[in-house]
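> Protein chains in written order, with the numbering used here: chain A, 10 to 515; chain B, 10 to 515.
Source of the hints: derived by calculation from the structure; they are not laboratory data.
Fair warning: there could be bad hints in the mix.
Where chains are identical, the list cannot tell them apart; a pair therefore holds if satisfied intra-copy or between any two copies.
To be verified - Listed below are the simulated EDC-like cross-link pairs for lysine to aspartate or glutamate, each with C-alpha atoms no more than 16 Å apart in a straight line:
| # | residue 1 | residue 2 |
| --- | --- | --- |
| 1 | Lys-91 | Glu-112 |
| 2 | Lys-313 | Glu-76 |
| 3 | Lys-345 | Asp-413 |
| 4 | Lys-497 | Asp-443 |
| 5 | Lys-101 | Glu-112 |
| 6 | Lys-365 | Glu-379 |
Note that the structure is a prediction, hence the values are computed from the model and not measured.
2 protein chains.
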Amino acid sequence: MAKAAKNAISPTRQENYPEWYQQVIKAADLAENSPVRGCMVIKPWGWAIWENMQRVLDRMFKETGHENAYFPLFIPLSFLQKEADHVEGFAKECAVVTHHRLEPGPDGLLRPAPSSLLEEPLIVRPTSETIIGSLYAQWVQSYRDLPILINQWANVVRWEMRTRLFLRTTEFLWQEGHTAHATAEEAQAETDKMLGVYATFAEEYMAMPVIRGEKTAGERFPGAVSTFAIEAMMQDRKALQAGTSHFLGQNFSKAQQIKFQDQNGTEQFAWTTSWGVSTRLVGGLIMTHSDDDGLILPPRLAPKHIVMLPIYRSAEERGPVLEYVNSLKRELEDQKYDGEPVRVIIDDRDLRGGEKNWHHVKRGVPLRAEVGPRDIADNAVFLSRRDTGEKQKMSRADLVQTIDTLLADIQTGLFERALKMREAHTQEINTLDDFRAYFTPQNAKDPEIHGGFALCHWHDDPAVDELLKELKVTIRCIPLDAPQEAGKCVITGKPSARRVLFAKAY
Amino acid sequence: MAKAAKNAISPTRQENYPEWYQQVIKAADLAENSPVRGCMVIKPWGWAIWENMQRVLDRMFKETGHENAYFPLFIPLSFLQKEADHVEGFAKECAVVTHHRLEPGPDGLLRPAPSSLLEEPLIVRPTSETIIGSLYAQWVQSYRDLPILINQWANVVRWEMRTRLFLRTTEFLWQEGHTAHATAEEAQAETDKMLGVYATFAEEYMAMPVIRGEKTAGERFPGAVSTFAIEAMMQDRKALQAGTSHFLGQNFSKAQQIKFQDQNGTEQFAWTTSWGVSTRLVGGLIMTHSDDDGLILPPRLAPKHIVMLPIYRSAEERGPVLEYVNSLKRELEDQKYDGEPVRVIIDDRDLRGGEKNWHHVKRGVPLRAEVGPRDIADNAVFLSRRDTGEKQKMSRADLVQTIDTLLADIQTGLFERALKMREAHTQEINTLDDFRAYFTPQNAKDPEIHGGFALCHWHDDPAVDELLKELKVTIRCIPLDAPQEAGKCVITGKPSARRVLFAKAY
Chain A
10 MAKAAKNAIS
20 PTRQENYPEW
30 YQQVIKAADL
40 AENSPVRGCM
50 VIKPWGWAIW
60 ENMQRVLDRM
70 FKETGHENAY
80 FPLFIPLSFL
90 QKEADHVEGF
100 AKECAVVTHH
110 RLEPGPDGLL
120 RPAPSSLLEE
130 PLIVRPTSET
140 IIGSLYAQWV
150 QSYRDLPILI
160 NQWANVVRWE
170 MRTRLFLRTT
180 EFLWQEGHTA
190 HATAEEAQAE
200 TDKMLGVYAT
210 FAEEYMAMPV
220 IRGEKTAGER
230 FPGAVSTFAI
240 EAMMQDRKAL
250 QAGTSHFLGQ
260 NFSKAQQIKF
270 QDQNGTEQFA
280 WTTSWGVSTR
290 LVGGLIMTHS
300 DDDGLILPPR
310 LAPKHIVMLP
320 IYRSAEERGP
330 VLEYVNSLKR
340 ELEDQKYDGE
350 PVRVIIDDRD
360 LRGGEKNWHH
370 VKRGVPLRAE
380 VGPRDIADNA
390 VFLSRRDTGE
400 KQKMSRADLV
410 QTIDTLLADI
420 QTGLFERALK
430 MREAHTQEIN
440 TLDDFRAYFT
450 PQNAKDPEIH
460 GGFALCHWHD
470 DPAVDELLKE
480 LKVTIRCIPL
490 DAPQEAGKCV
500 ITGKPSARRV
510 LFAKAY
Chain B
10 MAKAAKNAIS
20 PTRQENYPEW
30 YQQVIKAADL
40 AENSPVRGCM
50 VIKPWGWAIW
60 ENMQRVLDRM
70 FKETGHENAY
80 FPLFIPLSFL
90 QKEADHVEGF
100 AKECAVVTHH
110 RLEPGPDGLL
120 RPAPSSLLEE
130 PLIVRPTSET
140 IIGSLYAQWV
150 QSYRDLPILI
160 NQWANVVRWE
170 MRTRLFLRTT
180 EFLWQEGHTA
190 HATAEEAQAE
200 TDKMLGVYAT
210 FAEEYMAMPV
220 IRGEKTAGER
230 FPGAVSTFAI
240 EAMMQDRKAL
250 QAGTSHFLGQ
260 NFSKAQQIKF
270 QDQNGTEQFA
280 WTTSWGVSTR
290 LVGGLIMTHS
300 DDDGLILPPR
310 LAPKHIVMLP
320 IYRSAEERGP
330 VLEYVNSLKR
340 ELEDQKYDGE
350 PVRVIIDDRD
360 LRGGEKNWHH
370 VKRGVPLRAE
380 VGPRDIADNA
390 VFLSRRDTGE
400 KQKMSRADLV
410 QTIDTLLADI
420 QTGLFERALK
430 MREAHTQEIN
440 TLDDFRAYFT
450 PQNAKDPEIH
460 GGFALCHWHD
470 DPAVDELLKE
480 LKVTIRCIPL
490 DAPQEAGKCV
500 ITGKPSARRV
510 LFAKAY
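In isolation and in its complexed conformation, chain A is listed as follows (with noise of 0.2 Å):
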């Protein structure tokens, strides 16, 4: 696209990468902060891309044997306490209902009445693996009763003090995979599945390049034996971790007492398991590929693939054009893509045709075909690309006949964009020095700007992590695909077996 010179984005991403973040989502229409401390509303344009998430998600994880259910919003405050990491980790961080009713104080406003204080505190599920786990305890009697494979759609509610739409906000929407397993080889598998599971969707849906790794003993779940997660490089050059798959070892199982005979009529602890992505991955979506412009969507999850943009001068126009856009719009309906129709919409709106372009520019709609007399003349439409700001005129029979295969290649294009960028700000770094230097903002303007993903020896020692803390940095993971190749600790010279993951991150 030969570029405006001005942005619809402002700042631009080279100017201030987190207000660019906000401002993107503003345009877009994604999102919002809402009165409520912490917790954003979801629009409807953001949510429908979380809706095509959950879809495609809900599939992956019912075609690999899992079964949705829902469990509390609450936990007792006592089933929080029986695993002592997992409430170290949590709990300063809750949301505590204490009482049931409300009712007029002495000033005549509302107070919550004395009289329904809780026995027992109940705190909004941060997370389920303690409610969840009572109730397997119950389910479970023998090794029959095993593997049990449950997901759940839910909210879940952690307290925090900085908020950012989608990345990290109070309440956030996610699922959770628990399942409980006879033998440790079995809950590792599940594990290792659902990681892979999050990683191909991340790739193939998401089109967000991502590196497998396991986390170190500082960065696990509160409980887990390992935790295993996907981290993926935004256009800042930082880490997101965009997915966890936790191996819960017998940890839950016997703070919960879940408990089966097996074929030997011996009891044994059951091995679980938990897994989730949340609404994070949004966050992660607009970060990886959206431009100075607005938002660019990967077009498996685009809610729309297409928008037609009729143009008309006069009410004698209108009618022909309006024909015309329809019985595309049904046209391309007909086609498929990704097993689909295709997702078409006509904004027919009374604006400037300026204006509504760059509706839906910022909107991210994949492609945009404008409409006019003497397209229709030609029995064609203005095309245009929102990844690539490439613009034609074409066929309606070639955009009909080929429009699959143009959202494929989107698809594809902005994966391998991604892929490039990461690839380009990672590096092998060996030095301290160079360590240093690869981590420090390359001017005070830019606080953030940095070298991006680095490569290098580590052993486990608390010089590291004062050293991290200074620079704001994080071991993001021991990649799975890492070699094992002898070498020195890029910060103490200590011995290390391969080479782990550090960035800054979100």
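For chain A, the structure is supplied; the task is to place chain B on it using the hints.
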């Protein structure tokens, strides 16, 4: 079906209807009480029914021009207080969040950290008019911003003292539509339209006949100008309110300041509506159709349409039988019912045939096909219908060719059976003696068995309310199709213009 001497569910409906209801849920493994007071766990089979309900309703909402969005779980106390009737209606059953952190108390056990006391308590939403209204107030400036037609799928909490699975639980799942319009007429039309959507869903999908009507003042939603509902008769002749649609007038727009400039530049308050159905519908579905052998599901909402039960006595027989059922499954899945592929499962668990068969009877699968070596020899199956108990040998080709009409027949049959039941237990009643007799339990053993629905003349008067309270009867609604008919109130003898619907209710 030649009924077995013993039924699968004990007690029977006749013996103890409320307990029968609990046992049907247990036998079908739909849900159970959780360790959290009043909150239920929806198990996979129950969830799959709700998921089907959601899918159909969501489609109907979208077809009527609505979009989904998501609003915060929490409502600041001051918001709730803005509409006087509204807060009055919900203050007594609120879960109140007062703290946002836990810390160890003097006894070492966790407690809400006193220093984390919220300045303003948050209410877990019992319904979202106030929080959504406050956002609409920001979104609406001009008549061009109207109408707003939004729905959300969410969990809500109303602290209930006496709970019953699906019918009344402290946390429940629902959808709540919230719309804002420029004129009273439009808002009233929306209220009517959504009542119509609910009625269509109830009758055509749940196969549950409903009466549409307006609620009397005493039964209105707190803060509404008028409330409309669909009411269904359960098999114990009690009424279940299955969905409500509220015309809120300008009450909430005044409380929340939802104002807009009309076409003349004059500031106006918007006119709003809200409407909802909940997981209570699953309870209604159970009580409308199920029998003394357990759940009966209308095919349009059944998670599975047909279960294949392979029967074999030896390893040699097993191979061919499984091959046959697998190929038949594929063939059936290529057929469509209600616009979607037929949903088939094979149950090849290592259980006795009788046990397996009853398992699916109790879970309400519409069709069961037993397949043994002799059926294969005849290229047939032994088919049982859950609704009528009818059993017959059917050729494989017939089954494949007729499964859609078979399922459609079951769907229609269930609706007709329920309608006949309701008609048999609905009467016009004209004297107070008859009214008393109709609603007085016929014997002490069946305190709930009474006449059913009564259509009677009614004049709003405190004396009426008193008698109704004594008899535990409520006015369900003023049916929309009730003809104008001069008469005298069945209780007070005062003048009345048309009959209203009286019933005992859930």
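> Each hint should be assessed against the structure and marked as holding or not.
Hints, one by one, checked against the model:
Within a single copy, Lys-91 and Glu-112 get their C-alpha atoms only as close as 34 Å, which misses the 16 Å cut-off; across copies the closest is 15 Å, which meets it. Within a single copy, Lys-313 and Glu-76 get their C-alpha atoms only as close as 29 Å, which misses the 16 Å cut-off; across copies the closest is 14 Å, which meets it. Taking the shortest Cα distances, Lys-345 and Asp-413 sit within 16 Å of each other inside one copy (7 Å), while across copies they are farther apart (26 Å). Taking the shortest Cα distances, Lys-497 and Asp-443 sit within 16 Å of each other inside one copy (14 Å), while across copies they are farther apart (94 Å).
Taking the closest pair of Cα atoms, Lys-101 and Glu-112 come within 16 Å of each other only across two copies (8 Å); inside a single copy the shortest separation is 29 Å, beyond that limit. Proximity of Lys-365 to Glu-379 under the C-alpha cut-off of 16 Å is restricted to the intra-copy arrangement: shortest distance 10 Å within a copy versus 60 Å between copies.
The structure agrees with every numbered hint stated previously.
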